[in-house]
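So the sequences go chain by chain: A and B. The numbers in the first sequence follow numbering that gives the first Met the number 0, run straight up by one, and end at 411. The numbers in the second sequence follow numbering that gives the first Met the number 0, run straight up by one, and end at 411.
Just so you know, these hints were derived from the structure itself, not from any lab. A few of these clues could be false.
The list treats identical chains as interchangeable, and a pair is accepted whether it falls inside one copy or across any two copies.
[To be verified] The list that follows gives simulated cross-link-like pairs (lysine to any residue, SDA-like), each with its CA atoms no further than 25 Å apart: (1) K284 to A316; (2) K1 to D271; (3) K120 to E251; (4) K63 to L205; (5) K333 to K373; (6) K373 to T320; (7) K284 to G167; (8) K1 to P169; (9) K315 to P281; (10) K1 to T214; (11) K315 to W280; (12) K284 to D271; (13) K302 to E251; (14) K120 to N376; (15) K36 to A351; (16) K302 to R186.
Remember, predicted model here, so these are calculated numbers, not experimental data.
Listed below are the residues making up each chain.
Number of protein chains: 2
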Amino acid sequence: MKAISVLGSTGSIGTQTLEIAEEFPEEFKVVALTAGKNLDLLLKQIKVHQPEVVALPEETNVLKLRDLLNDLDLTDRPKQLPELFSGLEGLEIAASWEPADIVITGIVGCAGLLPTLAAIKAGKDIALANKETLIAAGPVVLPELKRSGSRLLPADSEHSAIFQCLQGTPWAENARLSTGIPTPGLRNIQLTASGGAFRDWSTNDLRKVTVEDATSHPNWSMGRKITVDSATLMNKGLEVIEAHYLFGLDYENIEIVIHPQSIIHSMIELADSSVLAQMGWPDMKLPILYAMSWPNRIATPWKRLNLAEIQHLSFKAPDTTKYPCMRLAYSAGKSGGTMPAVLNAANEEAVALFLKEKIHFLNIPKLIESTCEKHINELRLDPNLSDIIYVDQWARKEVQELAQKNVRQFPK
Amino acid sequence: MKAISVLGSTGSIGTQTLEIAEEFPEEFKVVALTAGKNLDLLLKQIKVHQPEVVALPEETNVLKLRDLLNDLDLTDRPKQLPELFSGLEGLEIAASWEPADIVITGIVGCAGLLPTLAAIKAGKDIALANKETLIAAGPVVLPELKRSGSRLLPADSEHSAIFQCLQGTPWAENARLSTGIPTPGLRNIQLTASGGAFRDWSTNDLRKVTVEDATSHPNWSMGRKITVDSATLMNKGLEVIEAHYLFGLDYENIEIVIHPQSIIHSMIELADSSVLAQMGWPDMKLPILYAMSWPNRIATPWKRLNLAEIQHLSFKAPDTTKYPCMRLAYSAGKSGGTMPAVLNAANEEAVALFLKEKIHFLNIPKLIESTCEKHINELRLDPNLSDIIYVDQWARKEVQELAQKNVRQFPK
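From just these sequences and the hints, can you work out the full model?
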C-alpha cells in the first residue's frame, strides 16, 4: 500500500487521482490534500479519504472548512479530523508530509511550483501532472532532484507513454531519474497531438473562434485552460519542453505529430530504429495510475482498447502557420534558462485574458511572442528560484500591459 | 562482441543474419554455419565470415564444398579453412559449437528441430526464427529450456515486437525465459497480420488463385513457403501457437488483427489496460538484430519510420471464412500435445504440393483439417521427441495419400 499526498485535489487531476484511490483501496491511502477554493468538494473528499492533513492557500478558507467539518453530523464525520494548514507554508507541509510515499501534483500553472519543490526536497516520488514545475523551473528542479534522490514519474498522458516505452530499454535508469543527461540510445521522441478543438478549421476560420469553441476538446476531458492550450497547440509545445527536461533529448529530437484519434499517446524511436508506442483510450486515469503504481501495474476493469473497432489511426505533420504557439515553444525551449518560464507565464496570462473575453484567440500567440522577444536581453541561462519567480511575475504584467495598449489593433 | 552460429545460413533468415554480422563487425563474429544445398552462396559466406566450423546435411555436398575451398585462389582463401561436418550429427556440432554465444536458427520447417534442440541442450541463447521448433515440439522444448537455462529470443517480427514491449513490464523475466507459465500482468497479445497476398480478394476469387499469386507478398520479402502461409493466414495461426509457448498465455488471450500496412508488428495489453506496441518498416533485419543484441540495442543507420509520411494505419478483425487455416491453428493449439506438430507437418506438406501445382490453393486447409481430424484419437498430450517425429512423418504421408485419393474432387 502506498500513502499519497494530492496537491490540487479538487482540480481535474486531483479528482481523478482520488477516484483511483477510491477504486483501489488496497493499493492507496490518501494522507494529505491541498485545494484552492472549492470547499464543498474538498469536504466530500475529506469524508471519503480521511486524510491526516489538509492545506489551503487562504486562511479564511481554512476557517470556513473548520466550521464545515465541525458542523458535520457525527455519522458523517471522519473519526479523526485532519490537521488544517494555510498559506504557502501549509501547502509545503502537505507536500512534504512525512508518511506520504508519493505526491501527486495536480495544481495548474505556476502556483504548483513551490509546493512541488518542497516535495522534491523531502525526497518524495512525484507523480508529475503539473507541467509548469519543469517547464518554468527545469534549471532549478533538475539539480534538486539529483540532490534529494526524488524521482519524477510523469502523470500526463504523453510523457507517461514515453516513460512506459522507455522502461524496457537499456537506458531506462537514466530517463527515470530525470537527470537531464541525453540518453544515447534514445534517438527520438514523437509526441502525439490531437490537433485540438480547431484541427479541422482552416487558418482563416480561426478569426471567428469563440471561448466556447476553444474550450470544447474533441477527445480529452480536461480543465478549461489546458483545453485552450490544446487548441493553440501550446499544450504540445510545453510538453516538448517538459520532455526535454525529463528525458534529456535535444529539441531537434523531440517531434510533434498530429494524431486526431488520440489513441497512440506518444512514441519513442530507439538507436536501432525500432519504435515503441503506448496506446489506450484518451483517459487521464491510466497515466495517473501508472505514475502511482510504478514500477508495478495494477489490474483494472477499465474499458479495453480494441483497434479492430477503431479501424483507422491517422497521422500528419503539424501546420506551423496554423499553430504559431508551437514554434514559440520550441524557440523558448532552445533559448533555455528563464525563457520557458516567460513563455509559460505569458501563455497563462494570455489564455486567462481570452477566457475572460478580453482578447481574441488569435492574439494569444502575439502577446506571448512580444513578451518573449522583450525578455531576450534579460535572459538568464542559469537562473535561481528567485529569477524564475521574478520573470514569471514580469511576464504576466507585460502581457496585461500589452493587451491594454494594443487592444484596439487586435481583431474582435 | 558476440560469437554467433547460424543454422540455415543460405536461407532468408540466414542471409539477413550474415548481412547484419557484416554491417556490425565490432559486435558479431560468425563462428559456425550450416546450410543445405546452395554451395555457391555458402562458399561466399565462408570467404567473408571465416567461420571455424561448417556443417551440411549431405556428405556429398561436404565433399563438393571441400573441393571448392581447396580450389580457391590463395588470395581468396580464408587463412584458416573451417572444419567441415555432415549429417544430423554435423548440424548438431555446429549448433552447439562451444565458442558460440548465440545460435540463430533459420532452418525452415521441422528440419531445424533437432539442431535447435542440440543448441538448447548446450545452454546457448537461441535467436529463434524457426517457428517449428516451438510449434511442433513445444512440450519437449520447454522442459529442456528449464533444464539448460537456454533462453529463447524471438527473431521473427511479431514475437520480437511482443518481446520488446514486455521488456519494461514487471513480468519481463518470466516471459523472457519461455517458462510456459502464464504471466498474470500480461492480459492479451494482439498479433498483427498483413492479410497476405489475398487480403483484398473476395472469398469467391480465391478459386482462381495461382502459385504466382500466392507467392507475391504485399509487404514482406520472405521465402516462398512462408509467403504462402501468409496468404492462408496459417503463418499467423502458427505464430499464435508459438506465442502461447513463448509467453505462456491461454489461446483466448492471443488475438489476430489484420493490419495491412505491417507497421505495428504486434501489441500487448497489460493488466491496467495500457497497450504497448512495437513499430517499424516491414524488414526482418530489425527483429533479427534485436535477438542478436538483446538486452542491448545497437545503433543502425537503417531507414527511420515516419508516421506523418505513412499517414494511415488501419485495422480489422480477420475473416474466419476466408482464412480457415486460422481456425485450424487455434483448434490444434487448444488440443495441445502432438496436435500442433500434426498441423504444422500437414501444412508444410500441403503447401509443398500446392507449390508443385499438385493441389489447388483452397485444398490446403482441407488436407490439413482431414489430417488433424484423423489424429484426434491418436493424440498424445505429453509427447516425447520420438512421438513428435513420428506424428510429423505420419502427417506428411497422410497428406500425400489424401491428396492422391481425392485429387479429382478438389477444384482445379
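Taking the hints in turn, this is what the structure says about them:
Neither within a single protomer nor between protomers do K284 and A316 lie at most 25 Å apart by alpha-carbon distance, with minima of 28 Å and 28 Å respectively. In the homo-oligomer, the alpha carbons of K1 and D271 lie at most 25 Å apart only across protomers (17 Å), although the nearest pairing inside one protomer, at 37 Å, exceeds that limit. Proximity of K120 and E251 under a CA criterion of 25 Å is satisfied in neither setting, with 31 Å inside one chain copy and 48 Å between copies. Within a single copy, K63 and L205 get their C-alpha atoms no closer than 44 Å, and across copies no closer than 76 Å, so neither meets the 25 Å cut-off.
Within a single copy, K333 and K373 get their C-alpha atoms as close as 16 Å, which meets the 25 Å cut-off; across copies the closest is 70 Å, which misses it. Taking the shortest alpha-carbon separations for K373 and T320, only the intra-copy value of 22 Å comes in at or below 25 Å, while the best inter-copy value is 67 Å. In this assembly of identical chains, K284 and G167 lie within 25 Å of each other by CA distance both inside one copy and across copies; the values are 22 Å within and 20 Å between. Taking CA atoms no more than 25 Å apart as the test, K1 paired with P169 passes between copies only; the shortest distance there is 17 Å, against 27 Å inside one copy.
When the C-alpha separation of K315 and P281 is checked against a cutoff of 25 Å, the pair qualifies both within a copy, at 19 Å, and between copies, at 20 Å. With identical chains, the CA atoms of K1 and T214 are never at most 25 Å apart, being 35 Å at best within one copy and 56 Å at best between copies. With identical chains, the CA atoms of K315 and W280 are at most 25 Å apart both within one copy (20 Å) and between copies (18 Å). Taking identical chains as interchangeable, the C-alpha atoms of K284 and D271 lie at most 25 Å apart only when they sit on different chains, with a minimum of 10 Å there against 32 Å within one chain.
When the C-alpha separation of K302 and E251 is checked against a cutoff of 25 Å, the pair qualifies only between copies, where the shortest distance is 18 Å, while the shortest distance within a copy is 36 Å. Taking the closest pair of Cα atoms, K120 and N376 never come within 25 Å of each other, the shortest separation being 32 Å inside a single copy and 70 Å across copies. Taking the shortest alpha-carbon separations for K36 and A351, only the intra-copy value of 18 Å comes in at or below 25 Å, while the best inter-copy value is 75 Å. In this assembly of identical chains, K302 and R186 lie within 25 Å of each other by CA distance solely across copies; the values are 13 Å between and 33 Å within a copy.
Going through the hint list in order, the structure does not satisfy hints 1, 3, 4, 10, 14.
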